[in-house]
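Chains as they are written, first to last, in the numbering used here: chain A, 17 to 433; chain B, 17 to 433; chain C, 17 to 433; chain D, 17 to 433.
What the hints contain is simulated information worked out from the structure, not anything from laboratory work. Only a predicted model underlies this, so the values are computations on that prediction, with no experimental measurement involved. Treat the hints loosely; a few may be bogus.
Where chains are identical, the list cannot tell them apart; a pair therefore holds if satisfied intra-copy or between any two copies.
[To be verified] In the PhoX-like style, the derived pairs of lysine-lysine whose C-alpha atoms are separated by at most 25 Å in a straight line are:
| no. | residue 1 | residue 2 |
| --- | --- | --- |
| 1 | K303 | K293 |
| 2 | K348 | K387 |
| 3 | K303 | K313 |
| 4 | K293 | K341 |
| 5 | K303 | K348 |
| 6 | K303 | K387 |
| 7 | K313 | K36 |
| 8 | K293 | K387 |
| 9 | K303 | K341 |
| 10 | K36 | K341 |
| 11 | K348 | K313 |
| 12 | K348 | K293 |
| 13 | K303 | K36 |
4 protein chains.
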Amino acid sequence: MGDIFARLPELGDGLAELYKDLHTHPELSFAEHRTAGVVAGRLRALGLEVTEGVGRTGVVGLLRNGDGPTVLLRADFDALPVEERTGLPYASTARGTDPDGNDVPVMHACGHDVHVTCLIGALDLLAGDRESWSGTVMAVFQPAEELGSGAQAMVDDRLFERFGTPDVVLGQHVAPAPAGWVGIHAGPAFAGSDGLRVTLYGKGGHGSRPETTIDPVVMAAATIMRLQTIVSREVAGGETAVVTVGSVHAGTKENIIPDEAELKLNIRSYTEPVRAKVLGAVERIVKAEAAAAGALKDPVIESLHGFPALVNDVTATARVESVLKATFGEDKVIDPGAVTGSEDVGVFATAAGVPLAYWLLGGIDPETYLKALQAGTVEQDIPANHSPLFAPVIEPTLGTGVKALVAVAFEWLSPHR
Amino acid sequence: MGDIFARLPELGDGLAELYKDLHTHPELSFAEHRTAGVVAGRLRALGLEVTEGVGRTGVVGLLRNGDGPTVLLRADFDALPVEERTGLPYASTARGTDPDGNDVPVMHACGHDVHVTCLIGALDLLAGDRESWSGTVMAVFQPAEELGSGAQAMVDDRLFERFGTPDVVLGQHVAPAPAGWVGIHAGPAFAGSDGLRVTLYGKGGHGSRPETTIDPVVMAAATIMRLQTIVSREVAGGETAVVTVGSVHAGTKENIIPDEAELKLNIRSYTEPVRAKVLGAVERIVKAEAAAAGALKDPVIESLHGFPALVNDVTATARVESVLKATFGEDKVIDPGAVTGSEDVGVFATAAGVPLAYWLLGGIDPETYLKALQAGTVEQDIPANHSPLFAPVIEPTLGTGVKALVAVAFEWLSPHR
Amino acid sequence: MGDIFARLPELGDGLAELYKDLHTHPELSFAEHRTAGVVAGRLRALGLEVTEGVGRTGVVGLLRNGDGPTVLLRADFDALPVEERTGLPYASTARGTDPDGNDVPVMHACGHDVHVTCLIGALDLLAGDRESWSGTVMAVFQPAEELGSGAQAMVDDRLFERFGTPDVVLGQHVAPAPAGWVGIHAGPAFAGSDGLRVTLYGKGGHGSRPETTIDPVVMAAATIMRLQTIVSREVAGGETAVVTVGSVHAGTKENIIPDEAELKLNIRSYTEPVRAKVLGAVERIVKAEAAAAGALKDPVIESLHGFPALVNDVTATARVESVLKATFGEDKVIDPGAVTGSEDVGVFATAAGVPLAYWLLGGIDPETYLKALQAGTVEQDIPANHSPLFAPVIEPTLGTGVKALVAVAFEWLSPHR
Amino acid sequence: MGDIFARLPELGDGLAELYKDLHTHPELSFAEHRTAGVVAGRLRALGLEVTEGVGRTGVVGLLRNGDGPTVLLRADFDALPVEERTGLPYASTARGTDPDGNDVPVMHACGHDVHVTCLIGALDLLAGDRESWSGTVMAVFQPAEELGSGAQAMVDDRLFERFGTPDVVLGQHVAPAPAGWVGIHAGPAFAGSDGLRVTLYGKGGHGSRPETTIDPVVMAAATIMRLQTIVSREVAGGETAVVTVGSVHAGTKENIIPDEAELKLNIRSYTEPVRAKVLGAVERIVKAEAAAAGALKDPVIESLHGFPALVNDVTATARVESVLKATFGEDKVIDPGAVTGSEDVGVFATAAGVPLAYWLLGGIDPETYLKALQAGTVEQDIPANHSPLFAPVIEPTLGTGVKALVAVAFEWLSPHR
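Start from the sequences, fold in the hints, and give me the full structure.
Written out as structure tokens, the structure is:
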């Protein structure tokens, strides 16, 4: 397998350029038109069969190389409505239109540009050395991971009926850990996630006459405070749940009490009983706080997304872990435990009925990270995914990501193993 | 004075058309370009000397008629970022750009279209019967009353240096009271108003990892709840203050904890000690709640507007009250006491150093109003100013407003009195 | 009337001693046994007909002096469960048993000892100069004013059937104003008061396992915060209401989540609509906050007391005001407006169907008061009624109180007027 | 080992009587005088060397039986200020005086009566069959576990200097699991616990004049609500912390705003970083909420207790687990994971520098438990420790607890193993 990596250094500059280009041009979920075009162009240049528009804006590339298993390698490629503040020369100033029709700044704040670049690098190496493996690589470039609905959209667009069912689903996510390190955890590895939109109905009026109104701003504040008690009082210490109100919007002017307030909630959990308990508590609290305000109309709770915990297959994970240790050394492969982040990559594995193995890829300059670790300031000093300051270092992040994908794919595709 | 009103019926339909046109085409503060054009055209048609662009978008019309006092008649003409829900055939579907650059719906939810229409009707009558009075009418069409800064803008644009100093400042505001009625109160009649923008600084991050963030949404909610205690605990029962959080905005997506939250506050008070106490308490609470959240940066509190209580001159008010009673009958003139609404018309009187008399004009269908009064449901059933349902009846509102302006102006202008 | 006051200086020391004795021996509502004994002894020594045990612990003294009107002079005589911190040589260290059976400190923190002393002084003067007046003085020493139920208890004990119906009900209350001053306000002068006990039902358990409980401590906290919004959002700026949670109790140990929490609320209002609105809002909020917590049982709301606003008769008040001005000088008689404090003395007047006039008596050293007034620090520096630091100065408080009672009684009793 | 259990059935009734007697006569921490007397009497009857008054009210019994290791068997014996509501014929109606001097109900709501009974039963068996083992059993009956300070008090009273250092510390705790089952977890098994008393300083006054006060009731409520955000926002999903406000007390009457409020907090955590973070956040929030209220004096935070997580020694735990499986069957021994309850038994092991193995003993009727488990209603239906309804079934609880202690002690004491 050593040979196939021989060409990695020469890819380096090209990958860095590709990465910077993607980073400068982020696009929101289901609006990844330019990104899809760039990806499709690259895949075609490498000789893959390319289909665009799978699940609205997704791209599928097939690299067929004789008999053997089919390995699905997945990279998600949408960005976030975050205003970049990294100060990088290739920082984004892009804007987009969010689902509510607002013009918003856009940034690759979750590092999906890393995922795309690494997968294209891996495909380049695999396409350039067909002697050393056989089978099929199904490269899936997925839209709208941030909405939690992109994987489902591709499955619903008959992904497996059209392109075949893989033997395993593989992928990786860049994380605030030292670049050069990788991490993988068997079993529930990423939390299930539910997104809710809550609309609270008050009764508007003049700001000087609150007694003629039912103030939705106070209703929203009381609701947000009470929602904190779900995690603090209703979830056992040994269980895990996160309830975040990521967005609250009400009103326009200081002296008009508005009619409504809107909250957007995100809930993370690892088990169905906890998930059900938290969702039930949200509904109970939201309704009761509206009643406390004397609301004339019940709040409306809508699901924005909902997907279960990502569960890494135990056997496939053991194989991947062993490959990663052989590739990068024992000390570079960690078990991060279950993380509270969420991922919809599991939707592919569940739909195909095959094992999933999904790992984390460090993206932070190792020296910086270790200094913060020693100082006990990782949380303050190392911007995490979704932060306006999230800025993976280009190397060794990209090189590690490319190597990891190729090495793991070989575990299934190489006849020598 | 009876003669001058003879022509009122024939104005009627024209005034109603003008009112509907203005109502259908509301414009936000300092963006009243079309409105200013309509007003200036009407004033020129009546033979007034017209100057546009006074205080950015204000219009001044001078109706000179020989020697005698100068009476300033004021009508404000901006609208509000409210989405009209009256269902009227002439309801607004207009949109505008708010000070933060957002595209928002616009509605004459405060009834300034009534003020403009009545003043134009009054000028029409006065211009058509120059025999019966002498002196000068200075018609001031003021922008941006809703920002609390339009009157000051006109004064700062050298209103009195350019057009002369009046002997009295007069005006009226439509209110949720029976049409055909008027109300006036001597002394402090409208509350002072302060508008504040509060920016709370948290630290953003992924919604699944609140422990790496300082959540500005929870900070905002805790602040809003604690702000309620100013009125409930810090202002004496016998004093009056209103603290409204009219707007709260933070975040974009459910799974991103934002960096900041923004509140807009409106504060009403009648006395300087209460005003100072409330403003001090707002600052204390906002800072302490940020500290409770562990904020790394103090909140920023900016003034959006600030003007003192409107104080009707005791002598001028007595004269106006007497005229109104003579014009409409004793039983149609009430003393509404001090209201918590605010008005910047006092800025003109203070700057000119002359008395102010400002009255309320009922705008609700009398039968509807009295039915609600008997049922004790005025607050629920009668939409007040700033409500998306605020809908003055055209008559007898407009007729009463025209008559009130002319009759009161005559008190100063007519030689017969 | 000058003659009758001639003996006031010689009473002085005796009154001061009586005051200190009462102050050192305060007793809780309906437990004023020693106080009743002291009062009865004094009245008998002055030659009055004395009846004890009227309305449980009340005392009635009749000073009959020929034909003429009957004037009811009322002093309440119970104390409060407050731990005195005045540091006075005659400070209380007394303890008593509260209605819940707890042993608590007791203090004359509301100044009822002043009321008793002044009334005994006034009776002394009146009894000593029977030449100058005729009629009957009905001295009513009332228990349990602090519970809001003592006046009703005396009425229910057939006060007027047994001792005759007065022509007027008179009385006074010491206040944090300069000693030597008095104040009176016609119309609604003291707020109506409602006392409520709210029991919130959670479900107890181990402090480490909140998920197995329904935490009544958090339920209580959320309820208290939401109750603040009644005054801040539901009562108009021009109306007056006060909602105080004076007591909250739940739990015993840090690591046991208790089953219940108990709140005690006090509500002040001047009008029935506001009172009804506030009481309705309390019930709505308390129930909804329990629902938000997932309580298995509705909260229970019990009335601890409830009496309407004290309304001074306009004519009687005018007579009293005129007497007070004549007695103390125009500059010593103020109109304090309506105060948010409550008083059940109106129960006597309403039950008897006669006018009420009730005034305030300054109790603070005038120099200290005026210094604080100039510094704008009255609220911080001058301890008010119910404070552990409330400490009226003995003179000129007592002398002024005695003179006021005698002078006002003469207004009805003296043939010379 | 079979022989030693032969006598267990004949102990049965006596143990049940002992258990009921202890249950009916619970005593608060450090007031276990009767309990200590009963224990000492039983131990002397079994022939142990008995010392009372170790660590105030603790009892140590030594059962010497030739050479061999010393095994410390520990039972804690204090009860809780909880009012029993089990309705059992042997329910407690006892009362005691809590640390604040209040008279309170007392109940064995944590099941320490089970611990004492089982240990006495085990000593009875061990004392009755000295042939089958050799070494020393050090029976430690510990006071004040509920205060978290009893174990330390015994160590500070020179426990090990006076009675020798054991080779292992063993013990058990009854839990809401099926009787007949036992559970043990290696590593951190019980949370560390901190108890805090927080005194909030407001400024009292009359309930009708909140503007003259700084309301400590509202301060307490805002603080309690904000404390919820520590667990909901500041502790990572994968970490464990519990912050409980078990007690809040302020005020006496509804119409007096008190000077102060007192909170008692309990904090559970498994690691020092989390513990430090939570304690820091409590201090930050408490201070800031006082500042938000305008408090004139900082709150005071006092430690009521503080002890680290209980960590079961991995090797000793493996030995115990193996013995329990051999004794009760594989299916009756579970790994409950780390629980959020706390225990100070680890203080003995740490002070002695020897391994600890501490296990859980099911106490609920198995049929009842399994029915609730199937219905998913364990939390609602099965009262847990500290509940007024906590009621372990006598058998098989006591028999299982006796057997577990003897079998595990034999693991160290029996030469046959």
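Evaluated hints:
no.: 1; hint: K303 x K293; in the structure: both (16 Å within a copy, 22 Å between copies)
no.: 2; hint: K348 x K387; in the structure: within (17 Å within a copy, 48 Å between copies)
no.: 3; hint: K303 x K313; in the structure: both (10 Å within a copy, 17 Å between copies)
no.: 4; hint: K293 x K341; in the structure: neither (39 Å within a copy, 34 Å between copies)
no.: 5; hint: K303 x K348; in the structure: neither (49 Å within a copy, 43 Å between copies)
no.: 6; hint: K303 x K387; in the structure: neither (47 Å within a copy, 32 Å between copies)
no.: 7; hint: K313 x K36; in the structure: neither (49 Å within a copy, 32 Å between copies)
no.: 8; hint: K293 x K387; in the structure: between (40 Å within a copy, 20 Å between copies)
no.: 9; hint: K303 x K341; in the structure: neither (51 Å within a copy, 49 Å between copies)
no.: 10; hint: K36 x K341; in the structure: neither (29 Å within a copy, 60 Å between copies)
no.: 11; hint: K348 x K313; in the structure: neither (56 Å within a copy, 37 Å between copies)
no.: 12; hint: K348 x K293; in the structure: neither (38 Å within a copy, 29 Å between copies)
no.: 13; hint: K303 x K36; in the structure: neither (47 Å within a copy, 40 Å between copies)
Violated hints, in rising order: 4, 5, 6, 7, 9, 10, 11, 12 and 13; the structure is consistent with all others.
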